[in-house]
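With the hints in hand, could you dock these two chains into one complex?
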Amino acid sequence: MKADIRERTRSYSFLVTIAATLYLGYLVKDGTISVRMGNCQPVANSAWTGFMVAVCTVTFVGLVGFYIVKNAIERDRNTGVGQILAGTPMSTALYMIGKLLSNFAVLSIVTGIMAVAAVLLQLFRGRDLDIPALVLPFVTIALPAMFFISGTAVFFESVKFLRGGFGNILFFFAYTALIVVPMETHLPATDVFGLHVAMQNIQADVRTTMPAYDGEFSIGGGGKVAANPQPFVWRGFTWTKETLGSRAFPIGYGLALALIAALLFDRFSSKGAAAHQGRLKKLLGRIGGTPLQRLPEWILFPFEALLRPFVSGRMLVAELRLMVQGLGWWWYIVGLGLWIASVSGDPVTARADIYPFVMIWPALLWSGMGTREKRFRTGSILFSAPRPLGRQIPATWGAGFAVALFFASGILLRLAISGDTAGFLGVAAGAFFIPSLALALGVWSGTSKTFEAIYVAFWYIGPLHHIPAIDFLATTDAAVSAGTPIAFTIAGIVLLLAAFGGRWRQVTAA
Amino acid sequence: MNLIIQDVSKRYSRDVWGLREFSLTLSPGVTGLLGPNGAGKSTLMRILATISKPTGGNVIWNGDDIVRSPDGLRRVLGYLPQDFGIYPNLTPVEFLNYIAAAKGLDSRTARTRIDELLLTVNLDGERNQRLGGFSGGMRQRVGIAQALLNDPQLLIVDEPTAGLDPEERVRFRNLLSDLSGERIVILSTHIVSDVEAVATNIAVIVKGQLVVHAGPEELLATMRGRVWEWVVPSSELVAVRSRFLVSGTLRRTEGVLCRLISPGIPAPGARQVDPSLEDAYLHLVSGARGEGHP
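Protein sequence lines, in the order shown, are assigned to chains Z and V. Taking the working numbering, the leading residue of the first sequence gets 1, the next gets one more, and so forth. Taking the working numbering, the leading residue of the second sequence gets 1001, the next gets one more, and so forth.
Among the clues, some could well be false.
Claimed, not checked - Not the full set, but computed from the structure, chain Z residues with beta-carbon under 10 Å of chain V:
1) 32
2) 36
3) 75
4) 321
5) 325
6) 381
7) 387
8) 391
9) 392
10) 420
Please keep in mind that the hints were generated in silico from the structure rather than gathered at the bench. Don't be surprised by glycine CBs; every beta carbon is placed ideally from N, CA and C.
Chain V on its own, in the form it takes in the complex (with noise of 0.2 Å):
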């Protein structure tokens, strides 16, 4: 089971690209897609859920090119847009019912997946409640039920975690653990944390196109003895910021605590430490977007 993604290319208009020859080889297992908000993220998640058409490139589901032949991959396929709708009259039941109807799932198989999903996204006690009286959180699981109602080989999820609480977060994060091991995944966002704690690779892209796609691993060691911790006054932050890639900052009582990427020391007393996946990310978009930092 692969999806090759080959130098796919979306052009809007003559200067303007949604992606630009972007290519990537993807295996079961979880791939965390990272990009700033208007990198392409959802571009690409369009074209590999079949709604949009690439206008240069190819996507290979095993052996078979989506553009010319998009219903086998269809067959196989779960996708939580990040923009979606529900029928506010519908329960969930009955949404769960018409998306499974028109992915031509039979009403037994429909009807115990249903059942299943409910639990799963912990909406089995609102099974008969009007979507239009459900939450942005909850909407949200719904969405996630629906994607996995075919019990999907390729699962696209773009920014699922958007209006989850923090517990429902850590829950769909397990589930995404669970169903990762014979399908592939592509788990879309730029919250770093959802991706640090699932992903087996990641790919980051930055205007339209592919930075690095490695393991979480591979990326932390690119960043080792590059991150470094330095108190300093509150007034000369704006100067430290302009010199370093600062990836956080915590007020303290002698001045502010900067988390800043750095070849070398930055100054006297600063002290190294671990790097994150957060420091990586933050280096790959900046440098990525030339923004000059050392």
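Isolated chain Z (complex conformation) (with noise of 0.2 Å):
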């Protein structure tokens, strides 16, 4: 366990994770990120800032430390280890259990580096420091978490239809739902980030001192300043036995997902692998049978190659084809159902309300944009191929976008036919941005998770809720009135560029 860790932990993506953490605990140093209490302004005493800095850690870490900590299976099963640790007596319960703390073990030290730089925070504000009541919120608020994290993580590796980008889009939605599900149902047991529990202590604090509080507590950036801000001291959680015990809830729900995980976990092998067998029996009896003879001169013809300097239809229709491979009939029913439903119906419904849903199908398609060179291992091949920049990755793209075409024409066509020209160009901005996105995140992250976490995020905040300025698909006027698809045209172009530095620096710099 101790050589998983330390691999983890010397990944990119974990350092990224650490830094961008960090960079949130500067956002609540700068005062960017604040709860809004009424006209109650909280004294940034130890307490405080422990509280702040940890609620930070919770929702940034509880989303992106999922996708951070989901592969401690894959790894195995990609390298062959699983298979060795499948011929061992290892029960699967504990092999379950050692992937839990190992996972728990990795965002235990992100949260751990927070709490360190909470202290730091605290000290160079030249503030108190009260360390017990600094770390609390940490043990109390963020360890349990990031256990039910770990526990999750586990839980979608074991199952096959969540092991993939159809888990990575789903646990986005469950995140969400883990979120708002406390603050409706007030249900310690549903409280698994502990964002409820915090926030009624933190209530019940403010009561006794202010007995006019309304009860508004909001935590994000920004905001209006209240008109008369009055200082609240908090002193740190008062912890009961009933609060207290309710921590215990992820914890418990953490390692009943990994045992459920144990019970569901295939153990390295699958039917596939079975009927794999058989072939292979099938096939090895009829090479058994070819007479071994010296092969004929004939068979390869010498020919001088002539080749096509740059990128061809043919290449392009080859990526296609490598993009859409291994998608179920299924896949292409519903991908024509969300189309034809772009088509039917009130126009402006149809790209408000359907064309968001039409447009997040082919997420799993374009996740796969330049990652699949490290994923299947084909790099090396690929890339000591002519021009390997010039050829294969405008190919890349463009099936990409041909994929986004292709699920927008519907809301194209209509938008032409109804000659609303800036609507139109709106909605192609947004078919050019995804797949450069896809591509660039693709080349430099060289794993899917990246796009599958950015894009769903990006997509709910912007097309769903139909957020002006991040409308990238441009799901309604207000989108194109506030310029949104200029800024995501640039930022294509950007990304585009950035694809192909990403590809120049894996080709040239080994």
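Here it is as structure tokens:
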């Protein structure tokens, strides 16, 4: 487990997560991220700083950390270590608990770094330093949440249909639900991130000192400053048996998920492998019957290969084929259904409410762009082919753009017929932006998870909730009026250049 | 047609070298690159395949420096890496079509060539099956086929027989012999019998440095009169191993028949035998490592 943790904490994605989390800590110091509670102005003492940084850690690492640690079993599968472990007497439950603890150790390191950062933050501010008060929120709020995320990652890796991109996208929605549901239901059993219990605790303290407090409580960036701010000194959590006990829920859930995962896990064997053995046996029988002979000279004709200098239609088709490889018939049926829905009914409703769903459906096709060479270890073959930049990258991007254009074509057609040029260009800009984002993130991160997480987050905030500044699909005229398509076209160009740069680095920097 | 490797070095950090001032000139024929694991064979192969850059020295292909202008070589290069993958949901035909498109072959040429290659590597019957269900040996044959797609003038094959069964291994050796006429073939391996069967010249690499580059006959000649067979009691085997370089052992009822290398007769009763390339290779590697055998 030690070696496993060492390898994982040396990864690029782990360092990026640490950097991003530390940046969030800086935003807390800066006051950019704050809690709004009526006209109450919390004093940044140790308890409050610890709470704020712990909450940022939970909300950010709770999401990103899942994607970081959701590769523990995958790595054993890919490296073949899993096959060796499967042959040992180690029980599946023990293996899963080991993976759970390994995930938890990685996320605990991030949490620990944030706790140290919070201590330093308090020191730099020149404020009081009460280490127990500062660290307690990390122990009571953040660590149980990290345990839950660790178990969830193990569970997702063990269930076949949750293992890939679908699971990555599903988790985003599960994460959103896990934040919203406890606030609505007030049930401690649903509060895995501990945000609700923390909020209730603080609200109770505010009410004691400020009876007029109306219960407003929101964490976020910016916002209006209260007209008549009143300082509020928070001394830290008042834990009762019930509130502290509620933090056992995420620990129990994490453990339960890992144990359920043990029941569902295929122990690195599958029906596919059995079928393969059958085919192989048949095949070897046939090869065994082939008489051993020297190959006739004529089989390989010498020829002067006439090579096309740049990207060809054939390369584009080949990339498209690669992109849709392995998709079931049901994928095409649902995709077609969504496209038909986008050309039916009221045009405004179709664009605002149906089009976002049309453009989330092919997310898993785009997420593979730029990552396949690493994932399938074909890089050394492809990068030693002539013009790896001029031929392959434009074809990969072109295939992604073709998919985007196909799914957007219903809405584009309707906008063209209605003569809405601005809307047409806005929607087309979205189709340009998506493959550029996918390719750049794929090439630079080497994993499809980055695009899956970022795209879904963007999609959820922008197109689905029609926030004009982030609505890259231009689902409303407000987004077009706000100039969003222009911004995303520029972003698309920058991302495309970044993709070229990243691939150039891969091809030349070894 | 020639490939000149001039003082090529690959330095990973201050004290870690993959290659150190490695020089070699190659002309048409099969060059067997032999060396123990970690000797730098794959590092050299990756540099020659233009996917890694040397930290020193030059590689010249027909007068062009491949670091400055790699595309000239890439057009005529066939490369089978030691560790490569396939796309599991594609069939061999689809995969080879994809690689052919990446190499810039037109569709007509690619179609004909893929048909020829599938016959050559004995996968014609499986042309429409998904690669995900293929065994390691079958995947290796797909790898061999992709390396030959553009009828390469420089063919680099890194540990090509790994995973192949004995029959396919013989087929592949024959294929390399057939191909070697007007092209440069570099066969990197640590399996001496593969090199023995097809190589027209042999380069031995140890610790990133070239130890010898010679024809198989020249290498054998250096070992003439130095290889012995000697039956020793089992209890003395450890002592014999410490005194001599033992290239093979065989259990017998009267003890262990040792095949060993010694400049003179190792003991009364020892019998001089014809040297093999394996003897020569082990002797060279042992000498390069400074292991102190006679």
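Status of each hint after checking the structure:
1. 32: 41 Å, violated
2. 36: Violated, about 51 Å.
3. 75: At about 15 Å, which exceeds the 10 Å cut-off, the nearest Cβ of chain V leaves the hint on residue 75 of chain Z violated.
4. 321: 6 Å, holds
5. 325: Where the cut-off is 10 Å and the nearest Cβ of chain V is about 4 Å from residue 325 of chain Z, the hint holds.
6. 381: 6 Å, holds
7. 387: 6 Å, holds
8. 391: Since chain V brings a Cβ to about 6 Å from residue 391 of chain Z, closer than 10 Å, the hint holds.
9. 392: 6 Å, holds
10. 420: 38 Å, violated
In the structure shown, a violation is registered for the earlier hints numbered 1, 2, 3 and 10, in ascending order.
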